[in-house]
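Based on the sequences and whatever the hints tell you, model everything.
Chains as they are written, first to last, in the working numbering: chain A, 1 to 244; chain B, 1001 to 1312; chain C, 2001 to 2255; chain D, 3001 to 3296.
For the record, the hints were derived by calculation from the structure and aren't laboratory data.
Take a look, some chain B residues computed to stay more than 10 Å from chain C by CB distance:
no.: 1; residue: PRO1032
no.: 2; residue: GLN1035
no.: 3; residue: PRO1093
no.: 4; residue: LEU1097
no.: 5; residue: ASP1118
no.: 6; residue: ILE1142
no.: 7; residue: GLY1151
no.: 8; residue: LEU1163
no.: 9; residue: MET1284
no.: 10; residue: TRP1288
Chain D is faced by these chain B residues, among others (derived, beta-carbon under 10 Å):
no.: 11; residue: ILE1113
no.: 12; residue: GLY1127
no.: 13; residue: PHE1135
Just so we're clear, the structure is a prediction, and the values are computed from it rather than from any experiment. Glycine included, C-beta positions come from ideal geometry on N, C-alpha and C.
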Amino acid sequence: MNNIEGNDFLLRVDNVTVKYGNIPALRGVSLYIDRGEMISVIGANGAGKTTLLKTISGLLKPVQGNIRFGSLNIENLRPDRVVKKGIVMVPEGRKIFPDLTVKENLELGAYTIKDRTIKKELFELVLSTFPRLKERLKQHGGTLSGGEQQMLAMGRALMGNPKLLLLDEPSMGLSPIFTREIFSLIELVRKEKNISIIIVEQNAHMALEHSQRTYILENGEIIMEGFSSDLKHNQRVIEAYLGV
Amino acid sequence: MRFFRESKQFIIVMFILYVVLKILFISGMASPYIQQIIQYAIIIALASLGLNIIYGFTGQFSLGHAAFYGIGAYTSAYITKMFGIDNIFSYIPVLMLCGIISGLIGFLIGIPILKLKDDFLAIATLGFGTLVRVFFDNSDKITDVLGGSRGFVGIPKITNLDLVLVVFAFIVIITRYMIKSRFGLFWRCIKEDELAATSIGINTANMKLMAFTYGCMLAGCGGAFYANLYSFLHPSNFDILRSIDFLIIVIIGGMGNITGTIYASIIWVGFIEGLRIVLPSEIMDLRWVVIPVLLICIMMWRPYGIMVKKPR
Amino acid sequence: MKILEVMELEKNFGGIKAVDNISFFIEEGEVFGIIGPNGAGKTTLFNLISGIYTPDKGKIFFKGKDITDIPPYMLPHFGISRTFQNMRLFGSLTVLENILPAIMVKNSYNIFQAIFRTGSYLDMEKDAYNRACELIEFFGLTEKMEYSASSLSYGEQRRLELARALATEPTLILIDEPGAGMNPKEIWDLALMIKAIKEKFSLTIAIIEHQMNLIMNISDRIMVMDFGEEIMTGTPQEVKKDKRVIEAYLGEELD
Amino acid sequence: MEHIIYILQQVVNGLQLGAVYALIALGYTMVYGVLRLINFAHGDVFMLGAFVAYFLISKFSMPIYLVFILTMFSCALVGYLIEKIAYKPLRDAPKISLLITAVGVSLFLEYFLSLNAIFTPNYIAFPRPFDVKAYDFTFLSITNVQVIIFIITFISLFILYLLIYKTKYGIAMRAVSHDKETASLMGVGIDGIISFTFIVGASLAGVGGILYGIAYPQINVFMGIMPGIKSFIAAVLGGIGVIHGAVAGGLIIGICEVFVSAFLSSTFRDGVIFIILFAVLLFRPRGLFGKRIEKV
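Here it is, written out as structure tokens:
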């Protein structure tokens, strides 16, 4: 399957429907992402953003539709298999393991990496990207501040050597200053490691600012999509999500 | 009186059942052994009804129900033997006393342990059950009549069909009215979601205690009947296996289903005792191999019980 | 008149201050909004007021009475009722059976009256049933009365939870994120409904919400929280313009 | 002085029993960590360990190290199968269904083995692979059985420590205990880790079974019930889900039991343990080393 420029899609979500019991949380959602791209999905609380990421990462199974990663159908894989294929998710609320040390949290991120040298390289890379973590390797995850936990969560995800990173509300509960820092780190990761990123945000400003393309999710459906630079000036988006 | 009027149907059914059984008993079509089993099934239904209140309606898991059944049994055995009670009329107050004592002990033990939930409550009730069993095993050290691990012998035989059936019918009617009233509704709310029940103003601690006490009372009455039906008690009659018996009956009958519990008790006793007649003792040993497998299958197939009705 | 007054409330979880020295009051008859990022301590604050948690420090007064250490089940009897962020209905009970117990907690009949089905018992039951039906009708659930709560749609479940909270006849109701998972149209309907119930049941309302257009629309005053602390409290207009709020929460000035 | 020596002697005896409880308690606590389940069948795995060892020694006269290896292996296999067959299909079922299933598995194992065609419901003498010798010190006497129990328990605990704190499976296990969903997002196969937990726990119970057989050389298909329940109580006492808590709890329960037998009467032994349970559940439900969790 090719996009307009004739490149392969990295990931393509096609007409996916997900239900909780009888209540649909996603209704026929389709989206794609190219290699090296960063896209964002914005929408209100409960619009289905987290459900979308959970479905891609294998935590939820769609009742309809499929998800292709490269040439592979992944919609029925278990989450740990999806990680092995190279899709790693940073869950909402960071979900650091508070009783494990920072180092153990990072090691867990590399659970699927068998090769010791690769593991070591990744470890060095993460520590150079997030130097703050280096000082705290022996500390328990639970003792870190919110911003540090977000860094650890991202570092932990990078330890899995992902091709595609899924970020669920990285700015949640962070102060504006830390939010900016986290977003510049996300940019850094994307550029330097050439990792594709899907970011889900309630903070529409940051999401539109930093992504190339954006999908808008409302009530489980994609109601709008386009280049972030265009959407920023769209009257409807401004009214509903930017509130200016 | 409204009490009887509003349960007309049930009373008619019970009356027909009584007549049929009475004919069977008097005509000799039911052997004394079968007669005993029929009464035993009703007794088991009575005690299981108690567990259904505790677990099926209120959601408080108990692995110690047999202990309260045993307390009733030993109390009745002791009183009837010591005071030489031999007729139904002087037996009725004893029966009530047994229910009250079991209920009181349930109440006292319930105050602390009903704060616990799910598996911790299970282990605490199991612990209480074991304690009571240890107590029965050593009861001869308190007074020799109780018999300790040798068993309690020479209990007067008082239990008969008339009494068992009347008491049973009476208790079923009372229980149904309780379930229909706000108290039953509160119990079901607690089972569904305790926090939400609290949030609408239900005193969950009291309501759980009430259900537990009432359930233990029924177990105590059942135990008393049992003691005066068989005239012999042994501590091993009241161990965890018996608690599991009650549990299985509640599960087969369906959580929170009174009629289901009654049917399940009859099926269960019929099954166990029926097997005893049909099968040689070699194969009887297989019983407790088959039962757990059955239990596991039910859990996988229908975790809320077999005879259970659900709203739309 | 101040219906609820919270003084220097504090709650720690394993060293983290979930609610840190919060003081505020709610005037009788107003709609008091609480906003703030996730993890700011809003729901913890509700849990403290409704008695599910006991505060480490501070006092809560309701109509001048100290209710800090009152067991949670007593609060509906005083006149405080609440809903939950993730909806806690009695799933396998019917709609009617969800409402009835909330009415019946205030009935006075005892177990013996219930067993012997006395006249006053039956009257009280009948009365409770009628009141439940009225409430169910007001919330447009009459046709679903005999359906189990879990079979209702999301919106219906939200309404049922609100109906259940109102069945205890509160004077103050705490509503936790009623707009979660609703689209703009549903939010609009919700705003109308909240205004309607406020009038009909003469309520005071405290509401947690993320949907800015909802909260700005219905609130008389809003408290903004972050990291367990109060940033500021004021009218929607004041909140929108406040520098600290924009910095910590809104990110940008609203219209 | 004599009293103190007597007390010390009882402490040593208590530690002997407590070491076995600790080995069983670890299995309860680890399984509770990953599944939030009281694995009632765990006491029966311990019983199986004693029986397997009995067969290997009396029928095949195997050397003791082989007995340990094969027993641990068989118990691990049984533990693994119990989880796969009985518990895994109920992963999303209500908590109590899982608990009832565990009780069912426990009863099945006991009564299946008690059939005359399989074993017997009666007691069998456990063949000690060596004679008991007591080393008398001036104030204390320690038997070679006790020495062996302490050494083997210590080795087992040390290996377990390495496994849980130094390998990636151990880290994964602790992560799964805390949050299954997030652990799976790290690429951890949840089913694999749960199996791993059962295997480790069952192996330890197997070791406990052999040691128990050596120390108290009478075995019976129902022998797992009481030590199982007491070890679970030990796990609750130490703080369920906490590894070192289970060890401490086991030793405390062992010492208490021996003390009650020595100074009161062995009749009250079980009673006192349950009173400890009630006290812990009511006054410190998280146990000695447990963490406080608050959630709505």
